[in-house]
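Quick mapping for you: the protein sequence lines, in order, are chains S and W.
Quick note: the first sequence, position 118, residue 123 per my numbering, numbers continuous.
Quick note: the second sequence, position 459, residue 519 per my numbering, numbers continuous.
Calculated from the structure, these hints are not laboratory results.
Just to be clear, a hint being listed does not mean it is correct.
Unchecked claim - Looking from chain W toward chain S, a few residues come up when the C-beta cut is under 8 angstroms (computed): (1) Leu256; (2) Ile388; (3) Arg446; (4) Leu528.
Keep in mind that this is a model prediction, so the values were computed, not measured.
All C-beta atoms, glycine included, are put in the ideal place defined by N, C-alpha and C.
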Amino acid sequence: MKMKTKFPKVTLFVQCLVNGLSPEIGDAMLKIFQKLNLPVDCPLDQTCCGQPAFNSGYRKQARAAAERFIRIFEGAEVIVSPSGSCAHMIRRYYPVLFDEAPRWRARAEAVAAKTFELTQFLVDVLGVEDLGARFNGRITVHDSCQALRGLGIREQPRRLIAHVAGAELAEMRDPDRCCGFGGSFAVKYPEISAAMVDDKVRTIMATDADVVTGVDLSCLTNIQGRLSRLKSTVRVMHIAELLASG
Amino acid sequence: MNTIRPEDYTSAARKALKDRVLQKALADFQDRLGKGTARAYRELPEGLGLRQTAHDIRMQAVENLDILLETLVENIRENGGRVIFAKDAHAAVTACIDIARRHEVKQVVKGKSMVTEEIGLNPALEAEGIEVTETDLGEYIVQLAGESPSHIIAPAIHKTREQVGRLFAEKLGIPYTSDPPTLTRAARKALRQKFLTADMGVSGCNMACAETGHITTVSNEGNIRMATTLPRVHVAFMGMERVTARLEDHDVLFRLLARGAAAQHMAGYVSYIGGPRAKDQVDGPDAFYLIIIDNGRSKILADPEFREILYCIRCAACLNVCPVYGKIGGHSYGSAYSGPVGAVVTPLLVGIDRAKDLFLGETLCGACKDACPVDIDLPRMLLALRARLVTGDPTWQSSGGRLGEKVFYSAWSAAIRNHRLYEGIQRTVGLTQKTLTGTDGMIHSLPYPLKGWTRSRDLKPLASKSFLSRWKEIQ
Numbered sequence: 006m007k008m009k010t011k012f013p014k015v016t017l018f019v020q021c022l023v024n025g026l027s028p029e030i031g032d033a034m035l036k037i038f039q040k041l042n043l044p045v046d047c048p049l050d051q052t053c054c055g056q057p058a059f060n061s062g063y064r065k066q067a068r069a070a071a072e073r074f075i076r077i078f079e080g081a082e083v084i085v086s087p088s089g090s091c092a093h094m095i096r097r098y099y100p101v102l103f104d105e106a107p108r109w110r111a112r113a114e115a116v117a118a119k120t121f122e123l124t125q126f127l128v129d130v131l132g133v134e135d136l137g138a139r140f141n142g143r144i145t146v147h148d149s150c151q152a153l154r155g156l157g158i159r160e161q162p163r164r165l166i167a168h169v170a171g172a173e174l175a176e177m178r179d180p181d182r183c184c185g186f187g188g189s190f191a192v193k194y195p196e197i198s199a200a201m202v203d204d205k206v207r208t209i210m211a212t213d214a215d216v217v218t219g220v221d222l223s224c225l226t227n228i229q230g231r232l233s234r235l236k237s238t239v240r241v242m243h244i245a246e247l248l249a250s251g
Numbered sequence: 061m062n063t064i065r066p067e068d069y070t071s072a073a074r075k076a077l078k079d080r081v082l083q084k085a086l087a088d089f090q091d092r093l094g095k096g097t098a099r100a101y102r103e104l105p106e107g108l109g110l111r112q113t114a115h116d117i118r119m120q121a122v123e124n125l126d127i128l129l130e131t132l133v134e135n136i137r138e139n140g141g142r143v144i145f146a147k148d149a150h151a152a153v154t155a156c157i158d159i160a161r162r163h164e165v166k167q168v169v170k171g172k173s174m175v176t177e178e179i180g181l182n183p184a185l186e187a188e189g190i191e192v193t194e195t196d197l198g199e200y201i202v203q204l205a206g207e208s209p210s211h212i213i214a215p216a217i218h219k220t221r222e223q224v225g226r227l228f229a230e231k232l233g234i235p236y237t238s239d240p241p242t243l244t245r246a247a248r249k250a251l252r253q254k255f256l257t258a259d260m261g262v263s264g265c266n267m268a269c270a271e272t273g274h275i276t277t278v279s280n281e282g283n284i285r286m287a288t289t290l291p292r293v294h295v296a297f298m299g300m301e302r303v304t305a306r307l308e309d310h311d312v313l314f315r316l317l318a319r320g321a322a323a324q325h326m327a328g329y330v331s332y333i334g335g336p337r338a339k340d341q342v343d344g345p346d347a348f349y350l351i352i353i354d355n356g357r358s359k360i361l362a363d364p365e366f367r368e369i370l371y372c373i374r375c376a377a378c379l380n381v382c383p384v385y386g387k388i389g390g391h392s393y394g395s396a397y398s399g400p401v402g403a404v405v406t407p408l409l410v411g412i413d414r415a416k417d418l419f420l421g422e423t424l425c426g427a428c429k430d431a432c433p434v435d436i437d438l439p440r441m442l443l444a445l446r447a448r449l450v451t452g453d454p455t456w457q458s459s460g461g462r463l464g465e466k467v468f469y470s471a472w473s474a475a476i477r478n479h480r481l482y483e484g485i486q487r488t489v490g491l492t493q494k495t496l497t498g499t500d501g502m503i504h505s506l507p508y509p510l511k512g513w514t515r516s517r518d519l520k521p522l523a524s525k526s527f528l529s530r531w532k533e534i535q
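All chains should be built: construct the whole structure from the sequences, respecting the hints.
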C-alpha cells in the first residue's frame, strides 16, 4: 500500500452516533489505519461537533461546540471522521460561525482545512484505494447528501469497494437522492421523512444487494430503521466496516 | 385562490402523501425534468461554469438595482410605455384596477405570472366585475378547477388527464375524453375566443433589460405573445429585482432558464416587449404599462444574509429535484412559491413565525443548489432562517423559537462541553433503553419527542460500551 502523503499521526473524530450506537465502526477505523501503519490518536474529551444545534438554528450553542472542538483538535496533524456530515459541518460551516470573530475564524479555517471524511482521506489525501479487504457479497452505496454535495464524495467509496475482494457493486436507482433523515427533520416531520426513506429502501431492495453501505451513520441509521421495520434481510454496514473486513 | 396559508404545511403535506395520483405524478415529473435539467447543464458548451457567470450577472444587477431600475424606467417611458412603482400587493392591484377602469376593460387574458399569484390579482379583478382568463394551458386547467398552481412552471402537474377530461366536460361542455390532443384542442378553441375579445392582456416579466428598456417573456405555448399583442392594453407585472443591465445578460440567463425550467435549450417563444405598438407597427397594444412591485423585496435587499434569493429567476429547477417537494407537492407550501425557493422566499414575504414549517421541513440535502441555474445557495439561507427563528427578529416577524427546544439546546450545550457528563448521559440512556429493546435487538417504539421516528422505523439501541470507553481501555 503506497501512500501519496505520509502523516505522523491521524487524529480521530469519532462522531457521536458512531461512539454511542456503533462503536464497531470506530474499531474498524483503527484496523484500517493499523493496516496502513499510521499511528492513531483519539482525544478522550471529544464530544459533538455542534451540527445538530447549528442545523436547528442554535448558533450560539453550535459556536460553543465548535470552540471546544477547535481547542481539542487544532494541534492535530490531520483530523479524520467516519461521517460526511460532521466533516462537512467543520469544513463548510465552522468558519461561517465565526464571521464576526476574526481570530477564531482563522483557527476555524485551519482546523477545517485538515478535517476529512474517511474515504476522502484515504483516496484523495493518502492516494490509497486497495486496503486488502475481503467481503463476499453484493453491495449497494447510498450517497449521503452532505458528503456528496458538500464535499464531492461520490467516487471515493466506490473506488475503495472496487478493491474489496469478493465484493460486487450493485448501484441502486438514484443513489444520490436524500434518504429523508435531515436530523431533527425526521422527528419533526415524520410522515414526510418516512415517505422518503421508504422510497430509498425500495430502491435498495430492488438491487438484490446483501449490504447497503455509505459514509455517514446518520443516513444509515435511518435506512436501517426502515429496513428493520420492513423485516428486510439487507444488512447495513458503514464503509469502514467493509474496508476492515477479511 | 390566492389565500396564503403556510401554517397548514404539515396537514397539507399529510394529505398530499396520501394522494396516490399526486405521488405518481410527482415522481414521474421529477424523474423526467430533474434528470433532464442535469443533462442539459452537462451539455452546455461553456460547461457548468456558466451557472457561476449567471450568478455574477444576477448579483451585479441586484447590487445595482437602483440605477438599473431608473435606467429601465427612463427607456420604457421613451418607448411610450408607462411605469408604476407599487410598494405592496395592494398598491399593485389597485394600480391595475385603475388602468382597467380608465380603459373600460371588461375582459382580461393572462399569460402565466407567479407575481400576480403573489399579489392576488385575479380575485381583485373579478371583484370589479372583470372576467379573467388564464391562457397557459396548465394555469387554465387550474383556474377552471378553482384551484391554485402547484408548481411554478407546471401549474397542473397534480392533475391527471382523466381529471382534466372530466373538468373540461363539465366546464367547456365537450364530450368526456382523456385524449390529451383532443383536450388541448378544446382549450385552444375556448382560449382563442378569449384572446380575440379581451380588452387587456396581463403578463409577468421573466427579466427586464435596463439598457434597452424592454421586458422579456418566455412561454412554450405562444399564449403570452397572444395575450400581450392582441388586446388594446398590456399590463406587465414584475418583481423589482427582475432586471439586468445588458441584453447580453439575457442570452446567458434565458439559455439557463430554459434548461432549469424544462430541460430545453431554449423556450419555444421568447418575446422582447418594449412598449406599445409603434406607428410603423401592425401589431401590439395601444397602451403598455409596467408595474414594478416591491412587496417586501427592498427589505430582503437590505439584509445581506438573504439578498441572494433576489437572484432567483423563478425557473423551478429546485422544485424538480427537491426530495421533499417530490413527496408533498406544491400546495403544501401554502403560497405562490413552492419547493426550496418557496421555503426561503415565502417566510421573507409573510413572516418567519408564520411560515417556519417551510424552512424547517427541508432536509438540507443541497440538491436545489446543484440544480439552480444561477447557483443560489438555498441551503445556506434555510439555515439562516432557522437561526433567525431561534434568535427572534422583529424585522422578519420572528418572536424567537420554542421554549422547550431552547431548554433542550441549553442542556445539550452544557453536556457537550463536559465529556464526563456527556458519557454519563449516554450511559444512563443506555440503561433505560433495555426495556424498550425487542428480541431482534432493535427498538420499535419510543416516547415523545422521538415517537415520530418509531412510527415507521426501528432504532438501533446504544451500545453497552461506547467507542471512547473502549479506546480508553486499550490505551
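Using Cβ atoms only, decide whether isoleucine 388/W comes closer than 8 angstroms to chain S, and label the hint accordingly. holds (6 angstroms)
Double-check leucine 256/W for me: the hint is only fine if its C-beta lies closer than 8 angstroms to a C-beta in chain S. violated (46 angstroms)
Against chain S, with CB atoms and a cut of 8 angstroms, does the hint on leucine 528/W hold up? holds (6 angstroms)
Would the hint on arginine 446/W stand, with a C-beta cut-off of 8 angstroms toward chain S? This hint holds: arginine 446/W lies near chain S, its Cβ roughly 3 angstroms from the closest one there, short of 8 angstroms.
Checked against the numbered hints given earlier, this structure breaks only hint 1.
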